[in-house]
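Student: Sequence:
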Amino acid sequence: MRAAGDGVAGDGVAGVGKEGSRLVDFYMPLLIYLEIHDTTFQIYRKLADKVSASGFYVVVPDFFYGDPFQGDPFATENAERPLPVWLKDHGPDKGFEDAKPVIQALKSKGISSIGAAGFCWGAKPVLELGKYPYIQAAVLLHPSFVSLEDVQPVKVPISILGAEIDIMSPPELLKKFEEALNAKPEVDSFVKIFPGVEHGWTVRYKDEDEVAVKSAEEAHEDMLNWFVKYVK
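Position 6 of the sequence shown, counted from 1, bears residue number 5 in numbering that gives the first Met the number 0, the numbering being contiguous throughout.
Hints were generated in silico from the structure; no laboratory data involved. Any given hint might turn out to be false.
Claimed, not checked - Restricting the straight-line Cα-Cα distance to at most 20 Å, the calculated cross-link-like pairs of lysine to aspartate or glutamate (DMTMM-like) are:
id: 1; residue 1: 130; residue 2: 171
id: 2; residue 1: 228; residue 2: 48
id: 3; residue 1: 191; residue 2: 216
id: 4; residue 1: 174; residue 2: 187
id: 5; residue 1: 130; residue 2: 216
id: 6; residue 1: 183; residue 2: 207
id: 7; residue 1: 228; residue 2: 185
id: 8; residue 1: 93; residue 2: 148
id: 9; residue 1: 49; residue 2: 216
id: 10; residue 1: 87; residue 2: 97
With these hints in hand, go ahead and build the complete structure from the sequences.
Tutor: Right, dumping it as structure tokens:
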């Protein structure tokens, strides 16, 4: 587990001791990226530092226990360990259960308000947390494995940031999410579809691609603003 607070990274949650600190719990969607151990992680690190600079304490648990998915999840020739096989060991339901002791440990240190951001695979565990008083706000970024039935019971303010080009959460499905959430005025919600981008755009981009960086940073800012508004 990695934690970032005041721009510093460390291990575990033992360092969480500031009264009134806030936490954003990142579920890392690294399972779908080939550059899982280097390029994408560095982007996550920069994002975690950005969020912590706004007064949050950021925890990035390794819910994959050192066993992230390798290769292209949509490639049929990945016969050695295709995505359905990998998911038997790392299903989103396990991510939900594994988050409980992390949250308990943080709350035992005096943190009373927690936000959760789920990228790709992490979206569904975050939704599960949002059905109970585990967290106070949720953000989903290019969610995967999420159905309309998963979204409907959420009880905390939720923001969903999706891509125009995404077979995991196509715009048609995102619009259904929006309609379902709009039918629940007691739960504040925000759904945004970013034009011209693909699944994973918030963490899988090259620094020299100015257009990609601008779109990713816009999503990061939307996420941060949501937590500033609801995680007090």
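Student: For each hint, tell me whether it holds in the structure or not.
Tutor: Structure-based check of all given hints:
no.: 1; hint: 130 <-> 171; result: 24 Å, violated
no.: 2; hint: 228 <-> 48; result: 19 Å, holds
no.: 3; hint: 191 <-> 216; result: 14 Å, holds
no.: 4; hint: 174 <-> 187; result: 16 Å, holds
no.: 5; hint: 130 <-> 216; result: 28 Å, violated
no.: 6; hint: 183 <-> 207; result: 41 Å, violated
no.: 7; hint: 228 <-> 185; result: 16 Å, holds
no.: 8; hint: 93 <-> 148; result: 19 Å, holds
no.: 9; hint: 49 <-> 216; result: 11 Å, holds
no.: 10; hint: 87 <-> 97; result: 15 Å, holds
Going down the numbered hints, you'll see the structure goes against 1, 5 and 6, while the others check out.
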